[in-house]
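Student: Residues per chain are reported as follows:
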Amino acid sequence: MSNPIEQIRGEALQSLASVTDSETLAAWRGKFLGRRGAVGKLFGQIGSLPQAERAAFGQQVNALQAELDAAFDARETLIQSQAMARDLEEGDIDISLPARPRRRGGLHPSTRTHREFQAIWADMGFHVYQSRDVEEDELNFSLLNLPPHHPARDMQDTFYTADSRVLLRTHTSPGQIRAMRELGAGGSKPIRVILPGMCYRQEQITARSEIQFTQVEGLAIGRNIRMSDLKGTIAEFAKRMYSPEAKVRFRASYFPFTEPSMEVDVECFLCGGEGCRVCKYTGWLEIAGSGMVHPTVLRNGGYDPSEWSGFAFGMGPERITMLKHGIQDIRYFWSNDLRFLQQF
Amino acid sequence: MLVPISWLKDYVDIDVPVESLAERLTVAGLEVAHIRYIGLPQQKVPGLQMPRSDHLVWDRDKILLGRIVEVKAHPQADRLVLAMVDYGGAEPEQCVTGATNLFGYKDQGEINPPIWSAFAMEGATVWDGHSDKAKRMTLKGKELRGIYNKSMVCSEKELGISDEHEGVIVMDHDDSYIAGAPLADVLGDALLDIEFTPNLARCFSIIGVAREVAALLDVELRYPSFNFLAEGEPIAGQVDIEIREPELNPRFTLTLLRDTQVKPSPFWLQHRLKLIGQRPRNNIVDVTNYLTFELGQPMHAFDYDKLVERAGGRPTIITRLPEPGEQLETLDDVLRDLGVEAILVADTAGALSLGGVIGGGETEISETTRNVLLEAAAWNNIGIRKTIKEQRVHTEASTRFSRGVHPSQAILGCGRGIELMRQLGGGAVATGVLDHYPRPPETVTVNLPIERVNRLLGMEVTLEAAADVLRRLEFEVELIGDVIRATAPDHRLDISSDEVVGQADLLEEIARVIGYDSIPNSIMADEMPPQWENTTVIIEERIRDILVGQGLYEVISYRFTSRESEAMLVPAGARSSPPEGDYVQIANPAASERDVLRKTLLINMLESAVNNARYQPSQQLFEVGKVYLGRGDLLPEEPLHLGILLTGSRDEPWWQGAEASADMDFYDLKGVVESLLAGLHIDDYSIQRGSHSSFHPGRSADLYINRERIGSFGELHPEVAARFKLTAPKVICGEIQVAPLIQQHQRLHTIMPLHTTPAVLEDIALVVNADLAAGEVEAVIRQAGGRLLKDVRLFDVYTGDQIPPGKKSLAYALTYQDDNRTLTDKNATKIRRKIIGAARHRLKAELRA
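Taken in order, these protein sequences are the chains called V and E.
Going by the numbering used here, the first residue of the first sequence is number 196, and it counts up by one from there.
Going by the numbering used here, the first residue of the second sequence is number 529, and it counts up by one from there.
Some hints here could point you the wrong way.
Straight-line distance between alpha carbons at most 30 Å, and here's what the computed DSS-like set of lysine-lysine pairs gives [claimed, not checked]: (1) E:K572 x E:K802; (2) E:K537 x V:K475; (3) E:K590 x E:K668; (4) E:K791 x E:K685; (5) E:K685 x V:K519; (6) E:K1372 x V:K475; (7) E:K791 x V:K475; (8) E:K572 x V:K442; (9) V:K434 x E:K590; (10) E:K791 x E:K634; (11) E:K663 x V:K475; (12) V:K475 x E:K572; (13) V:K475 x E:K802.
Sample of chain E residues facing chain V (criterion: CB under 7 Å; computed from the structure) [claimed, not checked]: (14) V1011; (15) L1080; (16) L1163.
Calculated from the model, a selection of chain V residues having no Cβ within reach of chain E, i.e. all distances over 10 Å [as the list claims (entries may be wrong)]: (17) G225; (18) K226; (19) I241; (20) D268; (21) A269; (22) R281; (23) I315; (24) G470; (25) T491; (26) N531.
If you are wondering where the hints come from, they were derived from the structure by calculation, not from laboratory data.
These numbers were taken from a predicted model, which means no experiment stands behind them.
Every residue gets a Cβ at the ideal spot worked out from N, C-alpha and C, and that includes glycine.
Build out the structure end to end from the sequences listed, making use of the hints.
Tutor: Here you go:
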């Protein structure tokens, strides 16, 4: 009679040799190595053997189990590597087929620019102060050193409301007065704020001018704020906003609410200052109006101008956004046209 | 204003290239927008970028100053003549020309006194005078009606001076002219186009600019002579002045020139006026215009005899307010009704001119005028601004007076004007000037400690350097210790007598002339204000981020709309839904459909959807922006609102399952809203049946926080949708107040610990009445499930054959979990029984088998 151990061994190894997939392999394992499998049954027979044979038989069954376990592992590794090889061989897809569309969403380009501004100014200690759109003539003009009939009022075409004392702010500057009065504690505390917001001017809507536009105004008030600080601070902003090498030029200008006043130009980042269509071949792009806060404005904000000084600046995020992205038409901004918005 | 360099050089020596000068002026606040070259080449200045100019550069060897010796008839052609031109060569050159302004010299022999013109030799390039477009041509010899011709005398158009092509340039004789000299040395020029900010009223003239140039280049300024030769009778006794409104007319001066001759001005004067865009008229009027530009003092010339005739004797010039109903016909042929905002120059017979603005027709200078009364006056700039506004008239005079001309200039203009008129037209000037000066402006003196200059500029400027700048600008400067005591020159009205403001005025002058570039860049060393966070801004931005994360695009709309547009949001017969408040009405709207400020974002959202519909099958938009609600106060409330709009297919079409996916509906927007609330960690809200009239009443909802309705959303009311032609695909939109979201957001929300105890998962299906709100069922389940019921998720809603009619089946996946121990089957069964019991008892629900 043949040895049952040898018989099972032969049967198992033979059938294992023909196993080529993991399902059959699992079945094979159940059949031979499972709790009620062939090897298990051999262990079960141990008890019925004579005492003297038990040890030897037990050793043989253990050896068989170890051998079959090893054979299983080897087979499993083989099958897995074959399957992997097959998958690598045959499982290609056409990666040139269009992607499954994802909903992306996007911030308005003006919001993006405003965030850039806010982040840079926050690093320099300027916080956002929000002020109102519908404003008193008094704050928009008179308290900013633009009394009625002042020639500089011609510089801004104003939307008035039915009440002639009330208008749509033509610039964010009335927020300067509000910020000074609210945060300055009667002219006793320093201030550093930026004032972003929508402004309005009664102009013809064209590719270059709009009836509403955003501005970011900055204001620093202290006991020792110098014109050199204004230059240094704006130059630092330009480095962060445009490029670490950005060159900045300051030109004398005029705003009723600052004195001295200056326009700030940055070297054209499109042509590197060589002169191009966008910078009108001057090599410079105008990025801000600025100046030392006018003594009258300081006074109107509650500060004593012989003790306190400050600087202010105003920038147009739309213009900067247009320059950065080559936007030719300012009317795109409030058009809400998804073809425009989806490009950011 | 156009400033010819040739004219500027009368008063100041300029030894830098015009391009550098333009840059220097621009940086100092006189912005040169453009340089127009005449004949001269554009120069390349290192480090300076300029737009490349496309003008004609005159060849110095081929375009020359030529003397027209004689004009002969053309043997073959009546409409051509032969100009014999001495250009410095051995023989005069014969030029065939059709210039009509030479015909008068035809066959008159040698012309004396000599006349000069621009002579172009063979090979010279000029503009083609016959072409409408700018076209260059190079002269080549050819026969013109039988006479060989290889050079020409040029018109202004051919040389790019002006569009004039009626005749050739004919210049009066000047002893300095040399035949054959390069024309560029005589007529070559560059014109600076300068834009003046309102504070630069004093610069609004050639002398004004020259004064700046002198200060900036630190060179001497040469004023012209303001004296005049008076040989006539004293002016007193020939005319009187009466100023009735000294505030509006602080000074009025008159001079008189008798027995002069009105005729065309000489070449130099006409040329200068033409360069700056003025049309020459006659020697008298041209002088008044010339002084407007040279000195910045507008003037007016009257025909004295007409004044005498009107007065029936010695005229009295009266400046006064108009009488009710008074009219005046002005030089622009407009009969003007004079309102309250005007000051008249009048005589005893009536109005003569609109003071400081425009003259009247009746007493103007004509060809027959013999005696000229010249007015130079000062006018209150605000008064002039009001006149301009009321009369809607803009002249060179009113532009200057409205910005402010110092009254000191009137007397200068008077002297220089009458002398020029005498020189050009002959005659005798009356002795003296009639000068009424009731309101001289105060002389302003400012004390400026040098320490203040250094502190505010952030750099060391020596006392002497600062004083030098002010002296260059013609301030009278005295040094008292470390203080500069500066008295403003008499052409400036912009220096304040308020000590601190005056100091700022001077500081600006010092900084500007020293150059802003020489001020260092520094980092603020001042005390840093307390740092604070603007929660409103942070949450506003978080709202944007959450919505963008859900695939929505942010829009920013016009805040202008119309009542009619917003009325389209309200179905017929319905009341409009919040927000309540009055419209902010724009008094001067850009367009009638933009005459109020919006009270809702919905109108913007819908208009955006309409505009995008042509290109976008599906849209997901939001806007965070203000609305404007009048509440009876002077200023409206400006609350921030959030508008959201969804329309079109939920997924974009793709190549797998190519048929369009389902359209978005109410539940998509509900998802957006709830995700937003979850992102802000606002748990304490409820969503209830909608009440907003713009939405479908059965497919919309109101959002409540703290029992307060803060917004509504849902499917657009079909009637509203029809008005906007937004019926298919359906539009789902909503509007939510942002302030309550900011108030309720949890800055410091607490998270749940991550438990390791196993969860028990179980599904139950409840059959309830079909009209029972699912929200109520879930609320009952959650309440009954208590602490151990961790999650309730509805996964199926069924109505149909397998359950009774009028019923629906709601299938929930429930998760039970105890944070501290493993739940047994027994525990789970107990919770389940409680849930089913409560559902039966409170909802009449049956467990579905």
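Student: Indicate, hint by hint, whether the structure satisfies it.
Tutor: Results of checking the hints against the structure:
no.: 1; hint: E:K572 x E:K802; in the structure: 28 Å, holds
no.: 2; hint: E:K537 x V:K475; in the structure: 28 Å, holds
no.: 3; hint: E:K590 x E:K668; in the structure: 12 Å, holds
no.: 4; hint: E:K791 x E:K685; in the structure: 25 Å, holds
no.: 5; hint: E:K685 x V:K519; in the structure: 42 Å, violated
no.: 6; hint: E:K1372 x V:K475; in the structure: 78 Å, violated
no.: 7; hint: E:K791 x V:K475; in the structure: 44 Å, violated
no.: 8; hint: E:K572 x V:K442; in the structure: 21 Å, holds
no.: 9; hint: V:K434 x E:K590; in the structure: 51 Å, violated
no.: 10; hint: E:K791 x E:K634; in the structure: 23 Å, holds
no.: 11; hint: E:K663 x V:K475; in the structure: 24 Å, holds
no.: 12; hint: V:K475 x E:K572; in the structure: 16 Å, holds
no.: 13; hint: V:K475 x E:K802; in the structure: 27 Å, holds
no.: 14; hint: V1011; in the structure: 14 Å, violated
no.: 15; hint: L1080; in the structure: 5 Å, holds
no.: 16; hint: L1163; in the structure: 6 Å, holds
no.: 17; hint: G225; in the structure: 28 Å, holds
no.: 18; hint: K226; in the structure: 33 Å, holds
no.: 19; hint: I241; in the structure: 39 Å, holds
no.: 20; hint: D268; in the structure: 32 Å, holds
no.: 21; hint: A269; in the structure: 37 Å, holds
no.: 22; hint: R281; in the structure: 25 Å, holds
no.: 23; hint: I315; in the structure: 14 Å, holds
no.: 24; hint: G470; in the structure: 4 Å, violated
no.: 25; hint: T491; in the structure: 6 Å, violated
no.: 26; hint: N531; in the structure: 4 Å, violated
Against the hints set out earlier in the document, violations occur for numbers 5, 6, 7, 9, 14, 24, 25, 26.
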